[in-house]
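**Student:** Each chain is listed here by its residues.
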Amino acid sequence: MWLLDSTNHQSLITNHISLAAFDFSVFLRPSPESALNNLSYLLVGLGWSLLLALGSWVVAFVVGSVVGVMRTLPGRILPSIGACYVELFRNVPLLVQLFVWFFVVPDITPILGDWFKQQVPPIWQEFIAGTACLGLFTAARIAEQVRSGIGSLGTGQLGAGLALGLRRRQVYLLVLLPVAYRILIPTLTSEFLNLIKNTAVASTIGYLELAQRSASMAETTARVYEAFTAATLLYAALNLLVMFLARALERFTALPGFLGGDK
Amino acid sequence: MISIRNVSKWFGEFQALKKCSAEVHKGEVVVICGPSGSGKSTLIKCVNGLESFQEGEIWVDGISVADRKTDLPKLRSRVGMVFQHFELFPHLSILDNITLAQCRVLGRSKKQAVEKAVQLLELVGLAEQKPKFPAQLSGGQQQRVAIARALAMDPIAMLFDEPTSALDPEMINEVLDVMVELAQSGMTMLVVTHEMGFAKRVANRIIFMDRGEVVEDRPKQTFFENPETNRARQFLSKILTH
Ligand SMILES: Nc1ncnc2c1ncn2[C@@H]1O[C@H](COP(=O)(O)OP(=O)(O)OP(=O)(O)O)[C@@H](O)[C@H]1O
Ligand SMILES: [Mg+2]
Numbered sequence: 001m002w003l004l005d006s007t008n009h010q011s012l013i014t015n016h017i018s019l020a021a022f023d024f025s026v027f028l029r030p031s032p033e034s035a036l037n038n039l040s041y042l043l044v045g046l047g048w049s050l051l052l053a054l055g056s057w058v059v060a061f062v063v064g065s066v067v068g069v070m071r072t073l074p075g076r077i078l079p080s081i082g083a084c085y086v087e088l089f090r091n092v093p094l095l096v097q098l099f100v101w102f103f104v105v106p107d108i109t110p111i112l113g114d115w116f117k118q119q120v121p122p123i124w125q126e127f128i129a130g131t132a133c134l135g136l137f138t139a140a141r142i143a144e145q146v147r148s149g150i151g152s153l154g155t156g157q158l159g160a161g162l163a164l165g166l167r168r169r170q171v172y173l174l175v176l177l178p179v180a181y182r183i184l185i186p187t188l189t190s191e192f193l194n195l196i197k198n199t200a201v202a203s204t205i206g207y208l209e210l211a212q213r214s215a216s217m218a219e220t221t222a223r224v225y226e227a228f229t230a231a232t233l234l235y236a237a238l239n240l241l242v243m244f245l246a247r248a249l250e251r252f253t254a255l256p257g258f259l260g261g262d263k
Numbered sequence: 001m002i003s004i005r006n007v008s009k010w011f012g013e014f015q016a017l018k019k020c021s022a023e024v025h026k027g028e029v030v031v032i033c034g035p036s037g038s039g040k041s042t043l044i045k046c047v048n049g050l051e052s053f054q055e056g057e058i059w060v061d062g063i064s065v066a067d068r069k070t071d072l073p074k075l076r077s078r079v080g081m082v083f084q085h086f087e088l089f090p091h092l093s094i095l096d097n098i099t100l101a102q103c104r105v106l107g108r109s110k111k112q113a114v115e116k117a118v119q120l121l122e123l124v125g126l127a128e129q130k131p132k133f134p135a136q137l138s139g140g141q142q143q144r145v146a147i148a149r150a151l152a153m154d155p156i157a158m159l160f161d162e163p164t165s166a167l168d169p170e171m172i173n174e175v176l177d178v179m180v181e182l183a184q185s186g187m188t189m190l191v192v193t194h195e196m197g198f199a200k201r202v203a204n205r206i207i208f209m210d211r212g213e214v215v216e217d218r219p220k221q222t223f224f225e226n227p228e229t230n231r232a233r234q235f236l237s238k239i240l241t242h
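Chains as they are written, first to last, in my numbering: chain A, 1 to 263; chain B, 1 to 242.
In case anyone wonders, no lab produced these hints; they're calculated from the structure. Owing to the predicted nature of the structure, the values given are computational and were not obtained by experimental measurement. You may find that some hints are simply not true.
Covered stretches of chain B (chain A as the covering partner; in silico rule of three or more C-beta atoms under 8 Å from a C-beta of chain A) [unchecked claim]:
1. 45-56
2. 82-92
Simulated DEER-style distance windows between Cβ atoms [claimed, not checked]:
3. LEU78/A - PHE11/B: 18 to 26 Å
4. PRO32/A - PRO131/B: 54 to 62 Å
5. VAL66/A - TRP10/B: 26 to 34 Å
Over the 10 Å line for every Cβ pair with chain B, so calculated as not near, a few chain A residues [to be verified]:
6. PHE24
7. LEU28
8. SER34
9. LEU94
10. ILE111
11. GLY113
12. ILE123
By construction, the Cβ of each residue, glycine as well, lies at the ideal position given by its N, Cα and C atoms.
Could you build all of it, start to finish, from the sequences and the hints given here?
**Tutor:** Right under this line is the structure:
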C-alpha cells in the first residue's frame with residue numbers, strides 16, 4: 001500500500017498520516033527526466049508554469065485593455081465588437097479553447113501553421129498555444145474590469161480632459177487608464193493568481209508544467225502525497241510572492257489622500 | 001463671442017433643449033438659472049461640443065461648433081470649462097494638473113507651463129499647494145485649482161456649470177470671489193449657477209431656463225425686479241427665500 005511507508009508502523013496503527021510518513025528523500029531520487037532529481041524536476045515545472053503565466057499575462061493585459069477601452073468608446077461598432085469578444089472568450093470552456101489553439105488553428109492557418117507544426121519544437125508549440133489560449137481568455141476578464149474601472153471614473157473625467165482640448169486618445173492614456181489601473185490593482189492581482197492556477201490546463205496538451213510534473217512524479221515514484229504536497233506548496237509560495245509584489249506595487253502607486261494613500 | 005441659435009437636442013425620444021437661443025458678447029457675464037432638469041448643463045456643454053445637438057447652430061468666436069470640419073479639440077482648448085465636481089485629475093499633483101494640457105495641447109515647454117501655473121495658483125490663493133494631490137485639498141480649494149487649470153490655457157471665454165453647488169456653504173465664497181475677480185478683469189463668462197448674489201454683482205444678463213426652453217433672457221435689473229413670466233417668478237421666490 002503506497003499510502004504508508006512500511007517502515008512507519010506507527011502511522012499504520014493510528015491510521016494517521018503523520019509528517020513522519022513523508023519520505024523526503026524521494027525528492028533527491030532521479031526523476032522521470034533522469035538527469036534531474038525530483039525536486040529540480042518540480043522546480044523546473046514551476047518555472048514553466050510561471051513562464052506560461054507571464055507570457056499569457058502580457059497578452060491578456062494588452063488585449064484586455066484594448067477591448068475594455070473599445071467597450072467604453074462612443075458609437076455602436078467598436079463597443080459591439082468588444083462585447084462579442086468578451087462573450088466568446090469568457091463563455092467557451094477553457095479546455096475547448098486550448099484544444100482549438102493547439103489542434104485546430106495550426107491546421108487551418110496556411111504557411112504559418114505548417115511552419116509551426118514542422119519547425120517549432122514541441123515544448124514551444126505547447127507554450128505558444130497555451131499563451132494564446134490563456135492570454136485571450138484572461139483578456140476577456142480583464143476587459144470587463146478595465147471597462148468598469150473606466151466607468152467608475154464617470155463621464156466627468158473624460159469631459160474635463162476633452163474640455164481642456166486633449167484628444168480622446170490622450171485623455172485615455174494620460175488620465176483614464178492610469179487612474180483605472182490603480183483602482184484595479186487588487187482585482188488584477190486576483191486575475192493573475194487565477195491565471196497561474198489555469199496554467200495547469202496546459203498539461204492536457206503535454207506541456208510539462210508543475211501540475212503535470214507532480215503527477216508524473218507521483219506515478220513513477222508511487223509517492224503521491226509527497227508529489228502533490230510539494231506541488232501545493234510551490235503553488236502557494238508563488239501565490240504569496242505574487243501577492244507580496246502586488247501589495248508593494250499598490251503602495252508604490254498609491255496617491256496621497258486617495259484610495260488608501262497617506263494624507 | 002458665443003452665439004447660440006435655435007438649438008434643439010434630443011436624448012432618444014426626450015427633447016432636452018427646445019430651440020434655445022442666446023448671445024454672450026465679448027467681456028459679458030451671462031448667468032443661466034432654472035430648475036433642476038431644465039437643460040442648463042446640456043446647453044452649456046453644447047457650447048464646447050461636449051454634447052452634440054441635432055438642430056440649430058452654435059458659434060464661438062466665429063467658428064461653428066457643429067461643423068464637421070471644425071477641429072473641436074482646438075476650439076475646446078480656447079474655451080475654459082469648470083465643472084460642478086471639479087474633475088481634477090486625481091493621479092496628478094496640483095501643479096501637474098495645471099501644466100498637463102498646456103504642454104500636451106498648446107505645446108508649451110515644461111518651464112513655461114510651470115511659470116504660468118505658479119502665477120495662476122497665486123491668483124487663486126493656492127501657491128503653497130502645488131506639490132499636493134487633489135484629494136488632499138478641500139472642495140473649495142479644488143475648485144479654485146480647476147479654475148486655474150482652465151485659465152492656464154489662456155481661454156477667450158469661460159464656461160461654469162454650477163461651480164459652487166457641490167461645496168459646503170463656508171467654501172462657496174472663496175470660489176465666488178475668484179469668479180468675481182475674473183469677471184471684473186473682463187473675462188467673457190457663461191455661468192450656470194443659483195448664486196443670485198453673484199449674479200447681482202457681476203452678471204450683465206440672466207437667462208432663465210425651464211423644461212428645455214430659454215424662457216427669459218434679460219438684463220439682470222429687470223429680471224430680478226420684475227420677471228416677465230410666472231415660471232421665473234416662482235423660481236426666484238423659491239431660491240431667494242433661503
Ligand atoms: N445623457 C443623458 N441621457 C438622457 N437624458 C439626459 C442625459 N443627460 C441629461 N438628460 C436629461 O436632460 C434633461 C436636462 O438635463 P440637464 O443636466 O441639462 O439639466 P440641468 O438643468 O443641468 O439640471 P441640474 O440643475 O439638476 O443640473 C434632464 O431631464 C435629464 O434627465
Ligand atoms: Mg446641471
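**Student:** Tell me, in ascending order, the numbers of any earlier hints that this structure violates.
**Tutor:** Hints that this structure does not satisfy do not exist here, as all of them hold.
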